[in-house]
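2 protein chains.
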Amino acid sequence: MTSTKTTEFSFKVSATDAAARTGMIRTPRGDIRTPAFMPVGTAATVKAMLPEHVKATGADIILGNTYHLMLRPTAERIAKFGGLHKFMRWDGPILTDSGGFQVMSLAQLRKMTEEGVTFQSHIDGSSHFLTPKRSIEIQCMLGSDIQMQLDECPPFPITEETAESSMELSLRWARRSKQAFIDRANPGQALFGIVQGSTFEDLRRRSLDGLAEMDFHGYSIGGLAVGEGQEEMFRVLDFLTPHMPPDNPRYLMGVGKPSDLVGAVARGVDMFDCVLPTRSGRHGQAWTKYGPINIKNAKFVEDESPLDPGSDCPASANYSKAYLNHLFKAGEYLGPMLLTWHNLHYYQQLMDEMREAIAEGQFDTFQQAFHEAQTTRKG
Amino acid sequence: MTSTKTTEFSFKVSATDAAARTGMIRTPRGDIRTPAFMPVGTAATVKAMLPEHVKATGADIILGNTYHLMLRPTAERIAKFGGLHKFMRWDGPILTDSGGFQVMSLAQLRKMTEEGVTFQSHIDGSSHFLTPKRSIEIQCMLGSDIQMQLDECPPFPITEETAESSMELSLRWARRSKQAFIDRANPGQALFGIVQGSTFEDLRRRSLDGLAEMDFHGYSIGGLAVGEGQEEMFRVLDFLTPHMPPDNPRYLMGVGKPSDLVGAVARGVDMFDCVLPTRSGRHGQAWTKYGPINIKNAKFVEDESPLDPGSDCPASANYSKAYLNHLFKAGEYLGPMLLTWHNLHYYQQLMDEMREAIAEGQFDTFQQAFHEAQTTRKG
Chain A
1 MTSTKTTEFS FKVSATDAAA RTGMIRTPRG DIRTPAFMPV GTAATVKAML PEHVKATGAD
61 IILGNTYHLM LRPTAERIAK FGGLHKFMRW DGPILTDSGG FQVMSLAQLR KMTEEGVTFQ
121 SHIDGSSHFL TPKRSIEIQC MLGSDIQMQL DECPPFPITE ETAESSMELS LRWARRSKQA
181 FIDRANPGQA LFGIVQGSTF EDLRRRSLDG LAEMDFHGYS IGGLAVGEGQ EEMFRVLDFL
241 TPHMPPDNPR YLMGVGKPSD LVGAVARGVD MFDCVLPTRS GRHGQAWTKY GPINIKNAKF
301 VEDESPLDPG SDCPASANYS KAYLNHLFKA GEYLGPMLLT WHNLHYYQQL MDEMREAIAE
361 GQFDTFQQAF HEAQTTRKG
Chain B
380 MTSTKTTEFS FKVSATDAAA RTGMIRTPRG DIRTPAFMPV GTAATVKAML PEHVKATGAD
440 IILGNTYHLM LRPTAERIAK FGGLHKFMRW DGPILTDSGG FQVMSLAQLR KMTEEGVTFQ
500 SHIDGSSHFL TPKRSIEIQC MLGSDIQMQL DECPPFPITE ETAESSMELS LRWARRSKQA
560 FIDRANPGQA LFGIVQGSTF EDLRRRSLDG LAEMDFHGYS IGGLAVGEGQ EEMFRVLDFL
620 TPHMPPDNPR YLMGVGKPSD LVGAVARGVD MFDCVLPTRS GRHGQAWTKY GPINIKNAKF
680 VEDESPLDPG SDCPASANYS KAYLNHLFKA GEYLGPMLLT WHNLHYYQQL MDEMREAIAE
740 GQFDTFQQAF HEAQTTRKG
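Protein chains in written order, with the working numbering: chain A, 1 to 379; chain B, 380 to 758.
Nothing false has been slipped in among the hints.
In silico PhoX-like pairs for lysine-lysine, Cα to Cα no more than 20 Å straight-line:
#  : chain 1 : residue 1 : chain 2 : residue 2
1  : A       : Lys86     : A       : Lys55
2  : B       : Lys675    : B       : Lys708
3  : B       : Lys434    : B       : Lys465
4  : B       : Lys490    : B       : Lys512
5  : A       : Lys329    : B       : Lys459
6  : A       : Lys86     : B       : Lys708
7  : A       : Lys178    : A       : Lys133
8  : A       : Lys329    : B       : Lys465
9  : A       : Lys80     : B       : Lys708
10 : B       : Lys678    : A       : Lys80
11 : A       : Lys299    : B       : Lys459
Derived by calculation from the structure, the hints in this document are not laboratory data. Note that this is a predicted model, so its numbers are computed, not measured.
Please construct the entire structure, taking both the sequences and the accompanying hints into account.
Structure below.
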């Protein structure tokens with residue numbers, strides 16, 4: 001892939017196949033092939049991975065978590081170090097979330113007002129006040145390339161009435177986030193609005209229309225993968241994505257399993273992030289084209305075959321399942337290191353295959369082969 | 380360094396400087412530059428390291444622990460997989476201990492007889508019987524290149540009487556180990572005898588003489604680094620090494636700190652192993668030419684300098700102390716991964732400098748510079 005330097009954020013769809021699309025996001029820090037999967041680097045590290053190995057799996061972009069970084073080592077300190085890229089030695093694009101989701105799931109003693117959310121750090125109990133403006137300030141101090149508006153992430157299930165008032169608060173926060181971004185961001189940085197509204201079609205459409213009117217660089221789909229199940233998630237995408245601006249990237253936040261990614265790409269989604277490949281890798285679960293396997297299972301004790309003999313990823317091709325099984329049984333660091341590496345490579349390979357299938361107009365065929373292989377369970 | 384394949388184990392001293400010596404051990408699996416430091420790969424992995432990175436630090440040989448491997452995944456299973464080298468993907472030489480030391484320090488319900496030692500696994504409580512012959516059988520199943528006789532590792536301090544009877548048992552086991560090795564080992568494999576006798580000169584000399592008469596490929600010095608202190612350890616080396624066979628490698632087991640290595644090399648030792656660089660790396664201690672530092676110390680929170688800016692080791696040169704401090708505070712895998720890597724590289728660099736200083740007849744100057752830098756504590 002040839003590429004020249006760009007000074008602006010841009011997105012171009014190069015091919016579509018039914019609702020699925022493939023293309024390229026361009027940023028001053030590098031190009032992002034879509035559909036893209038972003039490994040999660042919560043605390044300025046993709047857990048158990050060297051940054052050069054993350055790159056080698058094929059990841060064009062990673063995600064950092066504003067909530068974790070604002071608490072430790074703090075955004076001010078990272079800014080002093082010259083930004084998150086330099087601090088963690090990742091020179092490609094970085095997307096940061098707004099911190100809102102983790103405030104809801106991790107922080108203590110939250111208090112939500114029209115202005116923002118007050119919370120206590122889960123690390124040291126210190127008190128913090130996160131507003132749309134403050135979230136953008138932090139993301140700018142981190143120096144992230146793609147930033148998220150602060151939104152409220154409501155629980156699931158939720159009544160339509162509560163979902164509506166939450167969605168409307170997120171819309172008002174979107175406007176304030178946008179203003180803060182205009183005041184503060186550097187050229188080439190991008191800001192995404194986040195579509196909320198739970199599983200209610202009318203609310204989702206109103207959220208989307210409100211955001212589209214404000215004109216963001218991209219549109220995230222928040223509030224899914226929170227327990228509603230794959231079928232319901234796909235139903236929301238079915239009624240939502242056809243109305244999303246065609247010329248902006250669509251980012252389904254916090255998703256997901258390989259079959260989630262395939263189904264969402266089929267419905268027109270361009271970007272994903274999820275802790276699943278890294279987290280499950282640390283716990284002994286390997287994702288393969290034949291479905292997930294638990295490497296700690298006794299049936300692998302004497303299995304001399306690697307996870308994927310044909311792979312160009314050392315973690316997938318060079319070590320036997322018996323060895324990986326041994327490493328996990330012995331509680332050795334190398335087990336999580338190798339399985340995380342393998343999983344991230346598998347995810348990137350999956351994205352690559354999807355991009356190619358869309359470009360060739362063969363996405364239906366790809367999907368069929370994907371699902372057939374997944375149920376074969378050769379692992 | 381050019382090298383050709385060898386089918387035999389050999390050792391040649393190429394230069395001496397007072398008692399210090401540099402040279403080369405040759406094995407069918409590769410050459411080992413001496414003085415050599417062997418990283419410890421207890422359970423078929425040098426903890427938190429990829430094997431290719433162990434190699435890249437400059438390690439010519441690693442150590443595997445017979446006790447751990449015989450219990451999990453078992454020597455029989457490793458033999459079935461084609462040996463330890465293939466199992467853990469390390470194609471250089473491997474030295475294995477006899478299992479005796481870990482039986483004493485880790486196993487439960489030990490019972491020692493003339494025949495051997497019965498013990499219960501610390502992993503699952505299963506019962507095992509380790510004899511000189513069985514230890515060699517296991518080491519041969521693992522396929523290790525340099526093997527150790529089974530010995531008894533007495534505690535410290537110990538009476539001269541107890542030390543004597545223990546040393547004599549180890550001598551009788553040396554003979555049985557040698558016979559088992561002759562019966563079973565492949566050409567090119569080597570067996571070392573282990574000098575015991577605690578800190579008693581007469582016992583050490585009798586142990587050495589008894590072993591030398593049996594003619595081993597090399598001679599290990601056991602029963603040191605068990606709490607006697609550096610001064611006492613050096614005193615033992617001072618009276619022992621001048622009498623050791625000049626044409627065989629001398630291996631000081633389980634040692635040590637950088638200053639231990641320098642002092643022992645000055646006294647004619649050729650080989651070392653120790654968990655210190657790997658274990659302390661996992662706990663936030665970095666070894667540098669200016670002495671050890673605790674990376675978790677608050678003074679590194681904003682220290683943007685790397686551990687060793689001029690190093691060719693990525694872990695030493697590319698990451699700031701502030702970043703390493705952050706990783707350890709956040710409990711991230713990458714902290715132990717990077718610090719282990721750095722420490723192993725520092726140790727290998729130290730061995731390299733010693734080999735060069737001896738070859739140039741400058742070992743005194745080297746020692747002086749080493750001790751001056753260590754007390755500077757720039758870190």
